[in-house]
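Protein chains: 2
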Amino acid sequence: MGEKVRGYLMIIGGAEDRSGDKEILKKFAEISGQGKANVTVITVASQDPKGVGEMYVEIFSQLGIGHVEALYIKSRSDANKESVAERIASSTGIFFTGGDQLRITSILGGTKAYHALERAYRQGVIIAGTSAGAAAMSDTMIIGGAGDEAPKGNTVSMAPGLGLLEEVVIDQHFAQRGRMARLLLAVAQNPFILGVGIDEDTAIIVHPDGNFWVIGSNTVTVLDGSCVSFTNVSELRPGEPLAMCNAALHVLSPGLGFDMKKRKPLLE
Amino acid sequence: MGEKVRGYLMIIGGAEDRSGDKEILKKFAEISGQGKANVTVITVASQDPKGVGEMYVEIFSQLGIGHVEALYIKSRSDANKESVAERIASSTGIFFTGGDQLRITSILGGTKAYHALERAYRQGVIIAGTSAGAAAMSDTMIIGGAGDEAPKGNTVSMAPGLGLLEEVVIDQHFAQRGRMARLLLAVAQNPFILGVGIDEDTAIIVHPDGNFWVIGSNTVTVLDGSCVSFTNVSELRPGEPLAMCNAALHVLSPGLGFDMKKRKPLLE
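Going down the list, the protein sequences come from chains P and Z.
Just so you know, we're using the numbering used here here: the first sequence kicks off at 1 and counts up by one.
Just so you know, we're using the numbering used here here: the second sequence kicks off at 1 and counts up by one.
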């Protein structure tokens, strides 16, 4: 177990509170530097980049972020512009909105914008993402699979993610969309991967020491397959039901944490 | 660990196939004695007892059950009739339909019909139940709680069940209705209880030795809280998110089993 983390990540399960207490967004503003912050909202995942971008810019301004700007990246050529890379490089916090995680990776992957992002992350800049922006954080990401179904062969689709968080797979809108089966299948495919299911209006803050802490109003489900004694996943034909024995399951409420290196819950 | 089992139970997660292969109902017919069987369908859970009763009588007749009859119990006074108790006592297989599990327990609990049922069970007669009929099997049963929600204080309701299966709590329509949170809360409340979530068109056959085996087309989720190191369930106010660390999770496909005494999956 050696989940490789370098800087700070805030991974949000979608539908974070934007009108009430705004606990999660407030925390992002604080870690980004509040009045001294220079935040970039990246809307590349969204089909409505202007609408989503302006909404987050307004919320973050209200929360007292010094400077916040939405960056509209529409294509890989946009993502290779020096000005875009510079905008990312000058940020003290970067926020990925929701939408479609494949848009994030297919447009940013390998571009100047991506390299600027990774460099910023290594230097300690917080990278946040909600919904699709959360899913894209890991090495391998879940891109499809129905909720409220039994775990069966060929029912979850995965793709290479941004790779900011290694050896972990994230799922979001977790309890609200009944996504346990997706996480089970992802972990069964490689039990070395830690499965992290994040509920709506809930986030994990990942620290460089490899620990994460839960904030928000719901729960985070951690599925650790490292002790799995048996799985039939490699033999499954499409539609055949999964078997996986002896996984460890942790449900974490806000305030609790998890040591991804030792794979142990943290109570304080 | 000493889940107390006495006879044979078939616990079905609802929506079992009734028009195709009918694998689960066929197995029930077989265990009941097929041509020599005398099966009673108990429709007490249902709001449409005639419709449901006639449907199962027709299916079981087609499956070659020698004699099958629906028993319509509408009230506790019905359930205290000698004729009803005698009908149950003469059965080689008893099948509880779906509906509302509270109708089963509130109408049968402590009556002559219930005592006849328990006696039949002890003598080795198979007792089957689907959906509500499955939920009612255990000592304590789940009677309410929304699916597709995070596990939170006061979001699952429980009541005393028929008590045919002790130290276990059953949930049904499990993956299809996103009911992980209900099972988590039930197990957190008493980690000594084994949580068993049964998917639709899937069943467990419980043997007197305390082992069960999975049949059908989906999966059975077993949540074992006996190693839980921490839970906040006793301090939860309504709506506050659950924490539960170090539960064991098993997903069983058809053909696999589980030893409820040793709490170990059985691969053959």
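If you are wondering where the hints come from, they were derived from the structure by calculation, not from laboratory data.
Note that this is a predicted model, so its numbers are computed, not measured.
Do not take every clue at face value.
Distance condition first, Cα-Cα at most 20 Å in a straight line; then the derived EDC-like pairs of lysine to aspartate or glutamate [unchecked claim]:
hint, chain 1, residue 1, chain 2, residue 2
1, Z, LYS36, Z, ASP78
2, Z, LYS22, P, GLU58
3, P, LYS22, Z, GLU240
4, P, LYS27, P, ASP78
5, Z, LYS22, Z, ASP100
6, P, LYS36, P, GLU58
Regarding the pair Z:LYS22 and P:GLU58, is the alpha-carbon distance no greater than 20 Å? violated, 58 Å
Please work out if Z:LYS22 and Z:ASP100 have their alpha carbons no farther apart than 20 Å. Roughly 23 Å separates the two Cα atoms, so the pair is violated.
Take the C-alpha atoms of P:LYS27 and P:ASP78, compute the straight-line distance between them, and say whether it is at most 20 Å. violated, 30 Å
Next pair to validate is P:LYS36 with P:GLU58; report whether the Cα-Cα distance is within 20 Å. Between P:LYS36 and P:GLU58 the Cα gap is close to 17 Å, so the pair holds against 20 Å.
Quick one, are P:LYS22 and Z:GLU240 close enough, alpha carbons at most 20 Å? Holds, because 17 Å separates the two Cα atoms, which is no more than 20 Å.
Distance restraint between Z:LYS36 and Z:ASP78, which requires alpha-carbon spacing of 20 Å or less: Violated, because 27 Å separates the two Cα atoms, which is more than 20 Å.
The structure does not agree with the numbered hints 1, 2, 4, 5 stated previously, though it agrees with the rest.
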